[in-house]
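Protein chains: 2
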Amino acid sequence: MAVTIRDVAKRLRLSITTVSRALDGYNDVSGKTRARVIRTARAMGYVPSRAARQLRRQRADAIGYVIPGQAPYFTDPFSSEFIAGLGDAATSHNLDLLISTASPDSDAEHHIYARWTQSRPVDGIVLSRLRLKDWRAKYLAQNDFPFVAHGHARLRLDFPYIEMDSRAGFVQLVQHLSARGHRRIAYIGAPAKFTLQAERFAGYQQGLADAHLAFDATLVAESDLTRTGGYQAAQRLLDLNARPTALICVNDLTAIGAMRAARERGIVVGRALAIAGYDGTEDSEHTDPPLTTLRQPIYDTAQRLVEMLLDRVAGKPIVEPHVILQPELIVRESTTFDFSS
Amino acid sequence: MAVTIRDVAKRLRLSITTVSRALDGYNDVSGKTRARVIRTARAMGYVPSRAARQLRRQRADAIGYVIPGQAPYFTDPFSSEFIAGLGDAATSHNLDLLISTASPDSDAEHHIYARWTQSRPVDGIVLSRLRLKDWRAKYLAQNDFPFVAHGHARLRLDFPYIEMDSRAGFVQLVQHLSARGHRRIAYIGAPAKFTLQAERFAGYQQGLADAHLAFDATLVAESDLTRTGGYQAAQRLLDLNARPTALICVNDLTAIGAMRAARERGIVVGRALAIAGYDGTEDSEHTDPPLTTLRQPIYDTAQRLVEMLLDRVAGKPIVEPHVILQPELIVRESTTFDFSS
DNA sequence: CTTGACACCAAAAACGTTTTGGGAGAGTAA
DNA sequence: TTACTCTCCCAAAACGTTTTTGGTGTCAAG
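Protein sequence lines correspond, in order, to chains A and B. Per the numbering used here, residue 1 is the first one in the first sequence, and the count goes up by one each step. Per the numbering used here, residue 1001 is the first one in the second sequence, and the count goes up by one each step.
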């Protein structure tokens, strides 16, 4: 079928060993022979069998990522960009990227992690959207399986991660809004189990405190990080008697849904209502009006995570195992109107 | 390290063969022995090594998909939903899904397909966003590598695919617009090499002809299927002296970008300008105003493609190798205003 | 009693690599 | 010459499965 190393060796009248070592760049092969081998191998279209190599080296040369979505409607641009980053990094390191989908804490999720750690089709795993008590982190650490994460958990566990200081970001955002005269600032969040919710919500509260604004629980809604979720949550908030003048959303998707709810009520976003999101997705540039948001470098983060993971897999110490990045506040028309005037 | 079949056999004082055959459900193992084997294997946490199995069976139990994006900014919800469909289908068949990214006709793309066909980490490949002369289809067919496609190519090649009758969809869309009094209907398309462009453009032209409207080349713009691309293309069209009153976009993303261009010019979408897209992504529900679009069942299509691919891999004849689906016209406020009044 | 048929199991080959442990020959030093 | 060191190459083992081939009892039929 496919051309194997044996075919190449036979053609060259060399041993399999020599061909293998020549291709792998060992220095116990003469330059002439190596050149001959490489030329012939390429000419014959030889590519090592992945399975055989994996079996022998006990390494898969692949990494895995489980998209944390609720199928069939996961269309979060965060995931897309994250996957693009992982994919490109993987390719440039000659790795394969294995993808699966499972909603958080579902049976499917448990199953896939069990399979990946036992059957070892991947050398390491990238986690994203961590939960405060993330069973995945616990499980992988327990089984001594290499992994890195986007975001951290509140567990007595040490693992490499990159996270955004989204708390600081939201503090900054509240400040931005209060400086424009907003006094009733609402917040649409995510389920409490997610670390990102804990931090962003904390940032929101901290921001209120900094601005000497009272926290009002009725101005807080929980959603599910989707457009539709944001739409529904915003409906409730906008129908309050004392309507908020500003809406901080846990991510851009939520904000996009919220904008729709406002429009349906004839509330002009950017004038009668300020709305802000988080992520800095391309979507946010094209909303009406363009959305104020906190940008995080999703693609680059994904790439960097792969680097960290590879070090982890290789057993090398990781230079900077806990990276904390600052999100960048991007002010657009959805929040520029000054309410104090 | 991990527990192997040998360990299980030793524990049970059975041969490796028997353990293997018991687990695989052959009927030349007594029921009692089988039960014993299964129980012990589970208790010991035995999971067959993927690599060893692959090597021996000459099958990877995995399928591959290359995201046709321009990194780093691929955030097309089409891909997201497509991947979700592939992933779920793969999981339910106990397959792995390998993902890579490469922009069309790039070196990276050639490289990845070469590697996947030679090194065989996947049993089959799913293609999407076909090109008229798709080298991938040609290449895979030539190398007798199993694949299926979303959309077809204009090649003398027979392969299984599912495609949308987007031509008919666009005819219907033009009819919808002309019935509302639009006479200057513009079109923002994609690069000509894509099959989807050929078909949708043809539908647009056919629709004009059906409505006895003259085709005007200045009302046609080429874009790149992204929001930003749509934004730029729309700018040109909206700055024409004789401005179009309707804008048909090759996909939703393009339409979203176009809407922004209109807003920046103070043109009220839905009143002074009709805009329509294609795909029926969740995005389209939340734009301002909500976007008229042609919905295609991305997630279901992906799942069905996996089924077809598996038949192909197994060498089974495919019941219905060429599926053609009708997109569903979803009329929303972006095109409801009647110009003839 | 012999002959199959059947149920069960073991040994060994094979999949295609990488790695281990030399080994032949040439050159150099004593 | 002998002993030693390089340089270049190779045979064989190993990775963990599945599959092929064949062997041993037991039992029923002839």
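Rather than coming from a laboratory, the hints here were simulated on the basis of the structure. Take the hints with a grain of salt, since some may be wrong.
In silico contact screen, one side only, chain A against chain B (beta carbon under 7 Å); selected entries [as the list claims (entries may be wrong)]: (1) ASP96; (2) ILE99; (3) SER103; (4) THR117; (5) HIS212; (6) LEU240.
Partner residues are not named here, just some residues of chain B that face chain A (Cβ under 10 Å, in silico) [as the list claims (entries may be wrong)]: (7) ALA1141; (8) ARG1236; (9) ILE1318.
Covered stretches of chain B (in silico footprint by chain A; criterion: 3 or more residues with CB under 8 Å from a CB of chain A, positions within the stretch not fixed) [as the list claims (entries may be wrong)]: (10) 1184 to 1193; (11) 1247 to 1260.
Keep in mind the model is a prediction, meaning the values are calculated, not measured. Glycine is no exception: its CB is placed at the ideal position from the N, C-alpha and C atoms.
Results of checking the hints against the structure:
no., hint, result
1, ASP96, "5 Å, holds"
2, ILE99, "5 Å, holds"
3, SER103, "11 Å, violated"
4, THR117, "9 Å, violated"
5, HIS212, "35 Å, violated"
6, LEU240, "22 Å, violated"
7, ALA1141, "17 Å, violated"
8, ARG1236, "17 Å, violated"
9, ILE1318, "23 Å, violated"
10, 1184 to 1193, "violated (count 0)"
11, 1247 to 1260, "holds (count 4)"
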